Amino acid sequence: MFEIVIPGLILAGFALISASGLFVASKKFYVYEDPRIDEVEELLPGANCGGCGFAGCRAYAENAVNNKTVDPPCPVADAEAMQAVARLLDLEVEVKEKQVATLLCKGTHENSRSVMEYYGIDDCWAAMLVANSLKACAFSCLGLGSCVRACSFDAMLLKDGIVVIDEEKCTGCGMCLQACPKNLLFMRPVSGQVIVTCSNTDRGADARKACKIACIGCMKCEKSCHQNAIHVNDFLASIDYEKCTNCGDCVAACPTNAIEMRGQEVYVTA
Amino acid sequence: MLQLRTFKRGGIYPPHEKLSADAKIIFGEIPGNLLIPVNQHIGRPLKITVKKGDAVKRGDLLAESTGFISSNVHSPVDGKVLKIFRFPLLGGLIREVIQIQPTEPGKSFKEVLESDPYFDIDIGSLTPEAIRKRIEEAGIVGMGGAGFPTHVKLSPPPEKKIDALIINGAECEPYITADHRVMVERSSEIIKGIKILQRLFENVPVYIGIEENKPDALKILDELVSKDGDILIVPLKAKYPQGGEKQLIKAVLNREVPSKGLPMDVGVVVQNVATVLAVYDAFYYNRPLTERVVTVSGNVVNQPGNILLPVGTPVSYVVKKFEIDVQKVRLLIAGGPMMGRTSHSFESPVTKTTSALLFFDNRVFAERRENPCLRCGSCLRVCPMGLDVALYTQMIKADKIAPEAKDHIQDCIECGSCAFVCPADRRLVQWMRLGKTIIRREN
Amino acid sequence: MNVKEKLLKSFFVENPVTGLLLGLCPTLATTTSAENGLGMGLATTFVLVSSNVVISLLRNVIPNRVRIPSFIVVIATFVTIVDMGMQATLYDLHKTLGLFIPLIVVNCIILGRAEAFASKNNLWDSFLDGLFMGLGFTFSLFILGSVREILGTGNWLGMALVPGDWSTILVFVLAPGAFLSLGFILVGMNKIARVIEGGK
Amino acid sequence: MEANGVLIMDSSPLGRTGESTRKIMFTVCLTLVPALAVSVWMFGWDAVRVLVLTAVFTVGVEALIAKFSNTKIDYLDGSALLTGILLAMNVPSNAPWWMLLIGAVVAVVIGKQVFGGLGQNIFNPALVARVFLLISFPMQMTSWPLPGAFDGTTGATPLGILKTEGIGAIKTIGVGDLAMGHIGGSLGEISALALLIGSLYLFYKKYITWEIPVAFIGTVFVFTGAFYLINPAQYASPVFHIFTGGLFLGALYMATDMVTSPLSFKGKLLFGFGCGFFTALIRLFGSYPEGVSFAILFMNAFVPLLDRYFPDKKFGMVKNG
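Protein chains in written order, with the numbering used here: chain A, 1 to 270; chain B, 271 to 713; chain C, 714 to 913; chain D, 914 to 1234.
Bound conformation, chain A alone (with noise of 0.2 Å):
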C-alpha cells in the first residue's frame, strides 16, 4: 500500500508544480488574439490564392478583424460567405456578383492567320519579346498560355490558339489579368453574356483584314441598342454590363460577328 501511496504523492506534486508553471506562463506571455481571426478564416476559402492582395487568407483575416473591413472583398469566396464575414465584423456589405474572367478576342487559327512559325520559349511575355503577335491581328491572343499557368483552379485551356475559360471554375480571382501581356483578359459579372469577342482599336479595313471576326468599329451595335450600354471608342465596342439586359440585339445587328451572346452552354470542360 504504501509504495503506492509515494509514488502518488511524487506525482501529485509535479502536477501541482507544473499547474502552477502553466498557470504562470498563460498569464506572463499571454498574447491577445481576436478570436474572430480564426473565425474569418473559416469562412474564407483557404485557397491562399493571393487574389485579395494579401498574402493568403489568414493575411486577409487579419486584415479584415483589425480593420473592420472588408475591401478589397475576397474575390474567391462567393457572396453568402462575404457577408457571413461582414456580419461577423458587424459590417454592411452589398452583394457582389461574381467576376469571371473574359478574353476579349476570338482569334482562332482559322479567323486570324498566322502569319510566322514561332520558334521560341513558349510563354507569352518570352514571345512578346520576338514579335508583337503570332497571327495577323497585332492585338490577338497569342496562345501560348501564360494565364493557363497562373490559374490556380484548373479553369483555363489553350484550344485553336486562344485560351478558353471554363466560367464554372473561375474564381475571378483575376491573377490571369496580370500574366497577360496584351491584356486581353477582363473581368464581367457572370450574368452578362453579351461580350465583344475583340480587342482590335485599328481602323475598321485594317482589322477586317487581320481577322474575320474582327469589331470594325461600324456603330451598328450602338444604334440597335436601347439600353445604351454599348459604345464604340477607337474602332471598338465596349458594354457596359451595368445596363446590358442580355436582349441580344447588338448580337443581331453586328457584321462581324464580333458580338457573341454567351449562353450555358459554351462551358468546356477540360
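Be aware that a few hints might be false.
[As the list claims (entries may be wrong)] Beyond 10 Å from chain C on every Cβ pair, some chain D residues (computed):
(1) R935
(2) K936
(3) W954
(4) R962
(5) A976
(6) F1045
(7) P1051
(8) K1076
(9) I1110
(10) I1143
(11) V1152
[Said to hold, decoys possible] Simulated crosslink set (SDA-like; lysine to any residue; CA at most 25 Å straight-line):
(12) K489/B to I295/B
(13) K182/A to K706/B
(14) K27/A to L883/C
(15) K1119/D to P642/B
(16) K1118/D to H286/B
(17) K322/B to R208/A
(18) K1076/D to L883/C
These are calculated hints, taken from the structure and not from any lab test.
All values derive from a computational prediction rather than experimental measurement.
All C-beta atoms in this analysis are idealised placements derived from N, C-alpha and C, irrespective of residue type, glycine included.
For chain A, the structure is supplied; the task is to place chains B, C and D on it using the hints.
The following block gives chains B, C and D in isolation, referenced to the frame of chain A:
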C-alpha cells in the same frame, strides 16, 4: 606582327562568313513607297509633325524629339505623306510608321546624294555645344544596332572625365560587312568625322579598334593616320563579341566597365564607324541621318553585297534589287545572326539601325526543340560577362529569381554566345530577356 | 457522410500516413515486416480510439488553455496500458517494436485527432474517427511492412514466399528501403485517392 | 510579295555550333571504349554480356517511361546508354541478369526520372544504382572474378584484401598490374590507364575540365600519403590507393558528370576535394573497403550550395574607379 588585342573572358569564334567583304557599296533608286518608322531610337517617343497629305522635302522633319534622350526623324526624299498607321517593323514589333510616296520614284539615289551641297567647314571654329546641337538636330543614333541617341552619349556629365575615344570598327558579327566597306571606301571622311568628335573632349587620344579579318580596312586607315599622333589603329583578334562596348574597351584599353555602369564611368566614349560617318555627313553636307549602308547576304542571295539605302525602304525593294527568290526564303534577319532579330514581313522598312538584311532558307534552320539543360557549363565558359547563365535561366523559368541574381541578369548584353554553344538548344538569350522583363515588371 | 464512405476516405484519401503524412517516424522505423507493421498499427489504433473517446467525454470539462497537457496525460495513460499489456501478452513483438511503443505518446496523429476532432465532436463520432483513422494507419503500415518484408527477406507474415536460393533485395529492410517503398506507395495511394475524389 | 509559307520567328542567336546532347553523350560513351576493351580482354565474354544487358535494360526502361509519361523524353539521346555503360562498369562481370535489371530500373527510375528526368537529377544515376546493388546484394557485389580466370574463381579486390587481411597481403601487387588492370574488380575499375586515355579526348573537347579529377585524385593522394608517411606498416601507399578501386573511373567519369557537378571554378575544386576527402576517409577508417561512390553521392548533394555560394567572378564586378 604585333600582339593582337582582345578581351580575356569568354567569347566564341563563329564562322566569319563575310561573303560581301569585297563588294563595293552600291546605290539603288528611290523606291516607289517608303515606310518611315516614327521611333527608331532608345528613349522618349517622338511627336509626329506631319499629317496625311503633307508634301515633304528631302531632309524635312517628320517627327521631333520630345526630350533630351530622343532623336529626330527626317524624310530621306521629296514626297507626300500618304498615311500614318501601325505596321510590323523589322524584328517583329508593330509600331507607328509614316508612309511617304516619293515624287520621283526610280531616280538614282546616287544623284540625290550628289545634289546635296558641300560645305567646307572649319572644324577648329566649332564649339562643343554647336557640335552637340548639330548632331542632335540631325537625328543621329548609334548605328551599331542599339540606336541610342548619339548626342546623349557625347554629353557625359562634367564629373566624368573622358580621356579616350574609341571608334568601333570591330564588326564581329558574321555576314555583316557594312562597317567594313564604309571603312575601306569612306576612310578619309571617317577621319574627318573623328576630328569633329575629338573637338568635344579636348582632343583626347582616339583608338580605332578593327578586327584582323579586315586587313584592307586596317591598311587604308593605318596609312591615313600614320601622320596623326593622336589617332591609333588597334588591330584586334577576330573574336565574338569584340564589338560589344564593354568588351571593346576591355580589349583596347584593358579597362573594365563596372556592373550596371556605362563606358563613361571608365572615362571612355565609344562610337561606331557608321555613326562617325553620319556625323561627317551632318557637318559637311548638312544631311540629317536618313540613309545608311546595309549588307545584303545569306545563303539564298546569289550576289551578296552592300547597298546604301534610304531609311524607310521596304525589304521587298532589296529583294527585287538583289534578285532574291522569295520562294526559298524561310528566315529573314535584320542585323547579324548573333544579335539580329527575325522578321516576318517583306514590307517591313529599313531603319537607322539596320546594319544587314540576311536571307536564309530552311537548310540553316532545321526545327530545334528546347532540350533539358545538361548543366554542361558551356554557356558559363563563353559568356563574356561571366554570368551563370544556366542557373539564371532555371530561376527565370521557375519564376523564382534569387535577389543576388537580379543585377547579373540585367548585366547580360544579349550577345548570344551562350545560346550559340548550348548543346541542348536552349533559348538562353530569350530566357535572359524574359528575366529582364520580369525584373522590370516587379520594380 | 455515411460510415462506409468515411471508412473508404480514411483508408485512401485522408489516410494518416499516405494522405496526411503524419506519424512518419514509427511508420518508417517499425515496418521492417508486415507483422511489426500490423502490431504497431493496432497498438496505435487502440490508443487512438481510447483517447478519442475519453477526450470527447471530457471535452466540455477541459479548459481550453490547458487542453494540450490534458490530452497528453490521457494519451500517455493509454500508451502505458498498451505498453504493459503488450509486454504481458505479446512479448516478442513488444521486444522488436521496443522504444516505439512508448513513443506513441508523441505520435502526431493521436494528438492531432484529439485536437482537431475529439475535442469538438460527440462520443460516437469521435469513436468512429479514432477507429477509422487507426485502421487507416494500420492499413498503411501493413502494406509498407508487407512490401519491405517480401522484397527484403522473401517472407510474408513468417511464410517463405520465394525459394531459399533466390537473392532478396536487402536494402528494403534497411532504412533507405523504407523511404523508397514509402515514396512509391505514396505514388500509388495518391493515384487511388484521386480516382476516389474524382469519382464523386 | 509572299514567301512560300510563313517565315520563321525566333530569338537571337540564329546560329549554332552543332553541339547537341546526343553528340556529347555518345562521345562520352565512345571514350569509354579503351577501358571496355581492357575489361573484355580480361574477363572475356562475361564482360560483353554484362555490358550489352545493362545497356539494353537502361535504354529499355527509359523507353518504357517515355511511353507512359506525359512529358516528352528522348530515350535515344544517349544519356540512358551512358548510364547503362557506367553501371556495367561498376558491377562484377559475373553479375546475374536480374541484378542488372534491378540496377537499370533503380538507375533510371529512382536515380533520374523521379527527379524530373535528364538534367534535373541530383545524384549520379549510375552511382545510385551501384550503391543500391551494393547494399542489397553485398555478397554478389563484393566477390569479383579474377582476370583471366575462366573457371569462375572469385576473389576480393585489392582494397578488399587490404581491408580484411591487412597491409601484408597486398605487398605482392605491383603498380604496373594496378595500372594495366591485372587485378580483381568490376569491369571499369580495373584499368586506370585505359580510362585516362579515353578521357583525354573529353578534356580536349572540354566536355570535362581538369578541376574535379585533379582535386579528387590529388586529395586522395595527399591524404593517404600523409598516413603512409606516419605509419607505412599499417597504411598502404598513396600510389596503391590511386590505382585501386574505382578512383579513376569515379574521378574522370562519375564525379565529372555534367548534371551532378558544380559549374563554377571554385565549386569544382571544392567538389573534387570533398570527393577525395570522403573517399580517403571511408577507405582508411570506414567499414567498406571502397568509398568512391559514397563520396561522390555525398558531394552531389552539396552541388546546389556550391553553385550558389562559390560563383565565378562576374565581368564588371570591380571597385568603381
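Worksheet item: What are the numbers of the hints that this structure violates, sorted from low to high?
Response: 6, 7 and 14
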